[in-house]
Amino acid sequence: MGPLIPNGVIPYEWNSIIAIIIGIAFGFVLEASGFSSSRKLAGVFYGYDFAVLKVFFTAALVALIGILYMDYLGYIDMSKLYVHPTYLWGAIIGGAVMGIGFVAGGFCPGTSLCAVAIGKIDAIIYVIGIMIGVFIFSELYILFQPIYEGYFEGNITLMDSLGVNRYWFVFIFTIIAIIAFIVSDIIRKKQKKIFY
Amino acid sequence: MKIDNQKNRHVYWNPYFGGFLLGIIILFTFYMTGRGLGASGAMKSSVVAIVDTVTPEHAEANAYYSKFIKDNESPMNTWLVFEALGVLIGAFISGGLSGRIGWRTQHSPKITSKRRLAFALGGGILFGLGAQIARGCTSGAALSGMAVLSTGGFITMLAIFGTGYLVAYFFRKNWI
Chain W
2 MGPLIPNGVI PYEWNSIIAI IIGIAFGFVL EASGFSSSRK LAGVFYGYDF
52 AVLKVFFTAA LVALIGILYM DYLGYIDMSK LYVHPTYLWG AIIGGAVMGI
102 GFVAGGFCPG TSLCAVAIGK IDAIIYVIGI MIGVFIFSEL YILFQPIYEG
152 YFEGNITLMD SLGVNRYWFV FIFTIIAIIA FIVSDIIRKK QKKIFY
Chain L
-12 MKIDNQKNRH VYWNPYFGGF LLGIIILFTF YMTGRGLGAS GAMKSSVVAI
38 VDTVTPEHAE ANAYYSKFIK DNESPMNTWL VFEALGVLIG AFISGGLSGR
88 IGWRTQHSPK ITSKRRLAFA LGGGILFGLG AQIARGCTSG AALSGMAVLS
138 TGGFITMLAI FGTGYLVAYF FRKNWI
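Residue numbers (the numbering used here), protein chains in the order written: chain W, 2 to 197; chain L, -12 to 163.
One or more of the hints may lead you astray.
Below are the EDC-like pairs computed for lysine to aspartate or glutamate, each with C-alpha atoms no more than 20 Å apart in a straight line [claimed, not checked]:
id, chain 1, residue 1, chain 2, residue 2
1, L, Lys54, L, Glu44
2, L, Lys57, L, Glu47
3, W, Lys81, W, Glu140
4, L, Lys57, W, Glu154
5, L, Lys57, L, Glu44
6, L, Lys54, W, Asp161
7, L, Lys54, W, Asp78
8, W, Lys81, W, Glu150
Source of the hints: derived by calculation from the structure; they are not laboratory data.
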């Protein structure tokens, strides 16, 4: 019965080793998908490369459908999984700031680590930038505290917020993703080719 | 088997195949640990560890650093730091197999590498700041949050990509 480590099926001492193994798989897949290239990543915002959209939504859907299946079959207890908490304005403002950072820098933290691993100097500078950003946030924490701790809605899911059936939601979300994939291919064909 | 590295450099996996495997990894992570993946957490731990080493009094007095400082244990001893080390190893293996390893600054031919590095630094600062405000980045908040249908995860995802499209026009010279 999963999750295995919190339920004591696998001893807690294995946690760090499993973390490294999962990290290796994560890094390998990101790099092999081309996410160590900032110009490929930025393509999603200009319509010349939609790898980010395709990888990101395929991954989210595979994980989501997999978790629902495993919960249904009794291999995993979905109520024991950690649900990212919802701090309404923190999520919106933080996400907006990250969005500007994404277009300006061309990476997100996970992809920048992959690019650091293969020697991209811009990625090394980007990671230093992230650390400066964390430092600024921490030093000015008093200023950010109201958004960071305020507007807390709990560890809610879309089922609580929208009141929809989760299976129907996943079904509709899948249809939306497939439409987005088709539309992205049409847009890409109309854009000027960019070589990088 | 001889691999032609010059030809292979820009050949990446099919995005649906990469996305499928990434989804399986997220599923496996939830099955094992009950939590999702992350990336910015390791950088936060690094900053906490550096500040805690340089000025321990300041770190303990600060309301944010002190959340992550434990007695008799380094702030670096977290799941996400080990995972990030794995990411570096995994990406290095993948890049090595395809001949993509080498020191270089990647940028559009229309801009100088100095300009690219300046924007990378600025973008990094903003992303680091935003990831703290939203309690996670594209991996920890958006992707792992979406896998368990977290409302906050979906909002963060929409905010990141929505704002990205809104401001993309102003940064177009850097990319196209």
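Consistency of the hints with the structure:
1. L:Lys54 - L:Glu44: At roughly 14 Å apart (the allowed maximum being 20 Å), Glu44 (chain L) and Lys54 (chain L) satisfy the hint.
2. L:Lys57 - L:Glu47: holds, 10 Å
3. W:Lys81 - W:Glu140: violated, 34 Å
4. L:Lys57 - W:Glu154: violated, 28 Å
5. L:Lys57 - L:Glu44: holds, 14 Å
6. L:Lys54 - W:Asp161: Measuring from Cα to Cα gives roughly 29 Å; hence the hint is violated.
7. L:Lys54 - W:Asp78: Violated, at about 29 Å.
8. W:Lys81 - W:Glu150: violated, 23 Å
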